[in-house]
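Protein chains in written order, with my numbering: chain A, 126 to 233; chain B, 290 to 775.
Treat the hints loosely; a few may be bogus.
Claimed, not checked - Partner residues are not named here, just some residues of chain A that face chain B (Cβ under 8 Å, in silico): (1) Ile133; (2) Ser134; (3) Ile172; (4) Val200; (5) Gly212.
Source of the hints: derived by calculation from the structure; they are not laboratory data.
Backbone N, C-alpha and C define an ideal beta-carbon position, used for all residues, glycine too.
Take a look at the letters that make up each chain.
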Amino acid sequence: MEDILNWISMHEQMIYIVILMIFVGIEVIGRVPSVLHTPLMSGANAIHGVVIIGAIIVMGKAEPDNYLALILGFVAVVVGTLNVVGGFVVTDRMLEMFKGKKKREGNQ
Amino acid sequence: MLSNPASARRGNLVAAAGMTVAIIATIFLYRDDEGNRLHNYGWIFGGIIIGSVVGTLAAKKVKMTAMPEMVSLFNGMGGLCAALISIVEFDHLLHSPVLGWTMYPPLSGLGIEDLFADANLSARILIILLGLIIGSVSFSGSMIAWGKLNGKVKDFSFKGQHIFNIILLLIVLGISAYLVADGGSKLFELPGSHSGNAITDNAPRFYSMLFGLVLVLSLAYGVLFVMPIGGADMPVVISLLNSFTGVAAACGGFLYDNKVMLTGGILVGAAGTLLTILMCKAMNRSLGNVLIGSFGGGQDTAGDPAKQQGHYKEILLSDAAVVMSYANRVIIVPGYGLAVAQAQHACHELEKLLESKGVEVKYAIHPVAGRMPGHMNVLLAEADVSYEKLQEMEQANEEFPTTDVVLVLGANDVVNPAAKSDPASPIYGMPILDVELAKTIIVNKRSMKPGYAGIENDLFFRPKTSMLFGDAKKVLQDLIAEIKNL
C-alpha cells in the first residue's frame, strides 16, 4: 500500500494531467455536432500520433551497437509519422468537403 | 474551433502545427536525466521523411469512400508504434534494471532506493506491458478493420469464440501480472548478483520469453476481437480502437515522463471512448451488443429461406418521372449505394430540376447511413447540395406523413421496418426513417439482393412501395431526361 501511495506522490503532476484531459476530452466531444463526428475521429487519430515522440526518444537514445533499438526505433518513427501525417491529411480532406457549402452560404 | 464545419478545418491545421512544434522541440531540446541530448538525427529525420511522404501520398490519393479505412490503417500504425516502444524499453530494462531507479536522481544517495525501487520497477514494467498489450491489440485489430472495410476480409467467427477470446485475454493479463509482481523484485537483484540461483540468473531469457508470449497473444486477441464484427459496425470498432491507441500513447508518456504524450494520449482516449458511446446510441444498440451480439442473432432470422420474398412492384421510369414532377414534396433518402455509384451530382441535378418545377425537395439523413457518421452529408456536400435541405432523422420522420414521394437511393437497412417489428432481427431497436408514412415510396437498388447487413427488407414488398432497378447514377440521369420531356 505504501508503495502505491509513494508512487502516486511522485507522479502527482502526471495524474493531474490524466484527470484534466479526461474532462477536456469529454467536453470537446460534447461541443461537436454529430455531422462532424467522423472528421473528429480522424483528427483524434492524428493526435494520438503524438506517440511518435516516444519513438524519437527511443531512436535518439539508441547506442550505435544496439541493433534492436535502432531498427525497431526506426520502424516506430516511420509508422508513427504515418499516423500523424496521414491522420492530419485525411482529416483535412474530410473537412474540405464542408468548405464549398459554407462558402456559398456566406455569399448568399 | 471544431464545433462548426467552417472553422473546423482551421482547427485541424492548428493541431497539426502544434504537433510539428512538439516533434521538433523533442528532437532538438530533449535532455534525459543525465543531461544527454538525442543523437541519431540521421535515422530520425530519415524515418520522419519516409513516413511523411508515404502518409501524404496514401492519404491524398485514396477515394473519399475509402476514408474510414485510412483512419483505421493509420490508427494501426499508432498502435504499432506504441508496441514497438514497449519492446525496446523492456529490452532496455532487462539489460540495465537500475535504469528504473535513475529516473529520480534527487532521491538517490539517501538510501531510500531500496524502498522505492521495487515499486518503481514494477510500475515501469506494468506501464511497458500496458503499452505493449493495448498497442498490439489496437494494431492487429485496426489492420483487420481496414481489411473488412475494403472488402478483403470476410466476417469470421466460430462457436464459443467469445469465451475463447475472454480466456485469451485472461492469459495475457495473467502473464503480465506475474511479470509485474515477480519482475519488480527479481530484476533488481540482477546486476552483479551471482546468487547461484539458476532461476534469477536465467531470468532475462525467461522474462523475454514471457514478454514475447504477451506480444503474440495480444496480437492474436486483436484479430479475434474484430473478426466476427460485421462491416457495418466497423466505424464503432474503429472509434474504440482509436481510443485504445490514445491510451497506449499515454503509457508512452508515463514511460518518458513526457507531458505532451500523456496529454495527447489521454485526450484521445477519453474523447474516443465518448465518441464510441455516442455512435452506439445513434444506432440504439449497446456497445456490448455491437461487439458481441453482432451476427449471433443473424443466423436465426435472416436465414429463414422458407419465408417468401413476397411480391414486389416495379415502376416504370416514365411513371416515376410523372409522380415526382407533380408531387408537392419529395424527400430523398440517400444511402451507401449512392456513394458507390458516385451519383451525388446526378442527385443534385434531379433536385434542382424538381425544384424548378415547384416541387419541394429535401433529404432525410439517417445517422448511420453510409459507412460512417456524416458520410451522406459529406457526399452531398461534395455535390453542392445546400446544407439546409438535409434533415436529421427526427425532423424527417415528422414530415413523411405529408410527403408525396420518397425516393430511396441505395439505402436499405436504415429504412427497414424489421427494426421496429421483428425482435429477432439484428437491427431490432435501431431507429429508422419511417418512409412508410409517405404516400408513395420509390426504391432504387441495383437488384433485390440484401443490403450490407444481409437482411431482407420488408419495405420492398409493402403496397405503397415500388422498385426502380438500376445503377443509381444511370437511373437518376434517365429520370432527369424523362422529367425534362414532360
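The hints, checked one at a time:
no.	hint	result
1	Ile133	violated, 10 Å
2	Ser134	violated, 11 Å
3	Ile172	holds, 5 Å
4	Val200	holds, 6 Å
5	Gly212	holds, 5 Å
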